[in-house]
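Engineer: Listed in order, the protein sequences are those of chains Y and L. The C-terminal residue of the first sequence carries number 299 in this note's numbering, and the numbering is unbroken. The C-terminal residue of the second sequence carries number 299 in this note's numbering, and the numbering is unbroken.
Any given hint could turn out to be false.
As the list claims (entries may be wrong) - The list that follows gives simulated cross-link-like pairs (lysine-lysine, DSBU-like), each with its CA atoms no further than 35 Å apart:
no., chain 1, residue 1, chain 2, residue 2
1, Y, K225, Y, K266
2, L, K287, Y, K225
3, Y, K246, L, K225
4, Y, K113, L, K225
5, L, K93, L, K113
6, L, K225, Y, K191
7, Y, K245, L, K225
8, L, K109, Y, K225
9, L, K225, L, K191
10, L, K246, Y, K225
Derived from the structure by calculation, the hints contain no laboratory data. Predicted model, so just to flag it, every value in this text is computed and none were measured.
Each chain, written out:
Number of protein chains: 2
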Amino acid sequence: MTSSKDKQSELAICLVSGGMDSLVSAALAKQQNQHLAFLHLNYQQKTERKELECFHKIADHYQVPSELRKVIDVSFLGQIGGSSLTDDGIDVKKYKGDTEEIPDSYVPFRNTHILSMAVSWAEVLGAKHIYIGAVAEDSSGYPDCRPEYYEAFNRLVEVGTKARGIKIKTPLLYMSKEQIIKKAVELNAPLEHTWSCYAMEDKACGVCDSCALRLRGFEKAGMKDPIDYHQRPSFL
Amino acid sequence: MTSSKDKQSELAICLVSGGMDSLVSAALAKQQNQHLAFLHLNYQQKTERKELECFHKIADHYQVPSELRKVIDVSFLGQIGGSSLTDDGIDVKKYKGDTEEIPDSYVPFRNTHILSMAVSWAEVLGAKHIYIGAVAEDSSGYPDCRPEYYEAFNRLVEVGTKARGIKIKTPLLYMSKEQIIKKAVELNAPLEHTWSCYAMEDKACGVCDSCALRLRGFEKAGMKDPIDYHQRPSFL
Chain Y
64 MTSSKDKQSE
74 LAICLVSGGM
84 DSLVSAALAK
94 QQNQHLAFLH
104 LNYQQKTERK
114 ELECFHKIAD
124 HYQVPSELRK
134 VIDVSFLGQI
144 GGSSLTDDGI
154 DVKKYKGDTE
164 EIPDSYVPFR
174 NTHILSMAVS
184 WAEVLGAKHI
194 YIGAVAEDSS
204 GYPDCRPEYY
214 EAFNRLVEVG
224 TKARGIKIKT
234 PLLYMSKEQI
244 IKKAVELNAP
254 LEHTWSCYAM
264 EDKACGVCDS
274 CALRLRGFEK
284 AGMKDPIDYH
294 QRPSFL
Chain L
64 MTSSKDKQSE
74 LAICLVSGGM
84 DSLVSAALAK
94 QQNQHLAFLH
104 LNYQQKTERK
114 ELECFHKIAD
124 HYQVPSELRK
134 VIDVSFLGQI
144 GGSSLTDDGI
154 DVKKYKGDTE
164 EIPDSYVPFR
174 NTHILSMAVS
184 WAEVLGAKHI
194 YIGAVAEDSS
204 GYPDCRPEYY
214 EAFNRLVEVG
224 TKARGIKIKT
234 PLLYMSKEQI
244 IKKAVELNAP
254 LEHTWSCYAM
264 EDKACGVCDS
274 CALRLRGFEK
284 AGMKDPIDYH
294 QRPSFL
């Protein structure tokens with residue numbers, strides 16, 4: 064008979080945005096852990112409804128029970144950058160393409176907020192691992208995406224939590240988009256339930272930066288993206 | 064002529080709850096820094112209206128301009144602990160006395176959330192120091208209040224921010240309540256604009272744990288608490 068304590072030690076929390084990276088991160092967590100809990104952060108961005116739908120479809124796929132799904136509204140993070148002094152010394156990530164909004168503007172130290180929520184929840188649930196689909200390549204210039212950052216964060220968790228042994232896992236840190244897509248296929252992860260487009264929700268626009276990056280990844284991987292697009296960028 | 068860059072480097076962010084510890088922490092920040100910015104976190108606790116009033120009175124005292132005062136609703140932190148699995152392995156801080164609510168129940172890793180907001184804002188403002196009135200003595204059993212925790216957090220800030228040199232300052236870490244009160248008097252800090260009571264807002268109840276701790280501190284310091292009480296606990 065397995066005790067409740069043993070079961071908990073096999074529980075991992077996955078940060079699941081609804082994008083491909085978090086899907087593959089969750090698929091890798093599933094390989095290593097018996098049970099998964101899914102955490103989704105809502106920034107009140109334009110395509111949140113669609114991303115939340117993907118979150119639940121991915122959760123259904125991995126049979127995550129409803130009590131182990133959590134959605135937290137983190138739109139307060141936008142307030143922090145809303146200062147009149149914001150102009151000085153802050154980089155706002157530029158999105159080209161036809162998106163009118165910047166859905167996910169640069170919030171300094173943002174990953175610490177995100178990971179902290181996962182750590183708090185991990186202590187409550189008794190989970191030992193937290194999976195985040197961070198990709199170092201995507202995040203040049205973001206200091207809170209580098210390997211040293213995750214090392215320092217794991218140290219903070221070690222000294223700052225009561226539960227012993229909670230660890231952040233970043234299995235995608237050194238992967239390219241092409242490798243991530245290939246890994247998704249290998250693991251039979253439901254790419255059809257992911258969303259990357261910043262601009263639209265019925266079909267992906269196909270021309271925003273995020274769609275372009277995704278489609279280029281499928282092109283390089285020699286695969287067909289299973290989701291529908293309004294149009295395809297000229298390079299394809 | 065001082066450049067805008069120089070001015071920013073003299074800016075410190077103070078976490079100001081409206082209690083005595085944060086007042087003294089801010090008073091010490093004022094000694095060391097030319098300009099202060101004040102950050103207040105609203106947990107939607109019973110006495111928040113009163114604490115927010117104290118926050119603004121303390122901010123007025125230290126001439127903090129309105130654009131350098133920020134209030135963030137962090138009641139979402141309560142959600143994280145709201146799991147059906149909460150029972151197992153979580154310590155909820157017990158309050159005795161006649162309070163009916165637990166206004167500030169234990170959220171694992173909570174200080175990381177609080178400090179991260181201050182760090183994000185520090186990067187936006189160009190502030191170099193963040194003052195928190197953490198007291199190690201008060202927080203036995205809370206791993207995210209220990210000196211090692213602050214060391215690890217400072218390391219995380221070092222690797223996780225673009226701005227160089229942001230540091231968390233914990234000037235009260237090794238002080239007793241008595242010493243904090245004496246320091247407030249020494250620095251002419253407005254103790255009359257602080258609030259500690261968990262239960263009431265018109266006058267302090269005088270009997271909840273927080274009132275008792277405060278009154279005992281004044282007793283030991285040989286000072287009279289300048290705020291009004293409904294009653295005094297029996298030990299006085």
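Engineer: Between the alpha carbons of K225(L) and K191(L), is the straight-line distance 35 Å or under?
Structural biologist: Cα-Cα ~12 Å, so holds.
Engineer: For the pair we were handed, K109(L) and K225(Y), check the Cα-Cα distance against 35 Å.
Structural biologist: Since the Cα atoms of K109(L) and K225(Y) sit roughly 28 Å apart, the hinted pair holds (cutoff 35 Å).
Engineer: Against the 35 Å threshold, does the CA-CA distance of K246(Y) and K225(L) hold or violate the hint?
Structural biologist: Given pair K246(Y), K225(L) holds - Cα atoms ~32 Å apart, limit 35 Å.
Engineer: Next pair to validate is K225(L) with K191(Y); report whether the Cα-Cα distance is within 35 Å.
Structural biologist: holds, 30 Å
Engineer: Holds or violated: K225(Y) and K266(Y), Cα atoms, limit 35 Å.
Structural biologist: Distance ~45 Å between K225(Y) and K266(Y) Cα, so the pair is violated.
Engineer: Measure nothing beyond the straight line between the CA atoms of K245(Y) and K225(L); if it is 35 Å or shorter, mark the hint as holding.
Structural biologist: Status holds; Cα separation ~33 Å.
Engineer: Hinted pair, alpha-carbon criterion (35 Å max): K246(L), K225(Y). Please report holds or violated.
Structural biologist: holds, 32 Å
Engineer: Is it true that the CA of K287(L) sits at most 35 Å from the CA of K225(Y)?
Structural biologist: It is violated: about 38 Å lies between the C-alpha atoms, which goes past 35 Å.
Engineer: Does the alpha-carbon distance linking K113(Y) and K225(L) stay inside the 35 Å limit?
Structural biologist: OK: K113(Y) and K225(L) at ~32 Å, within 35 Å.
Engineer: Decide if the proposed pair is consistent with the structure: K93(L) and K113(L), CA atoms, cutoff 35 Å inclusive.
Structural biologist: holds, 23 Å
Hints 1 and 2, counting from the list given before, are not met by this structure.
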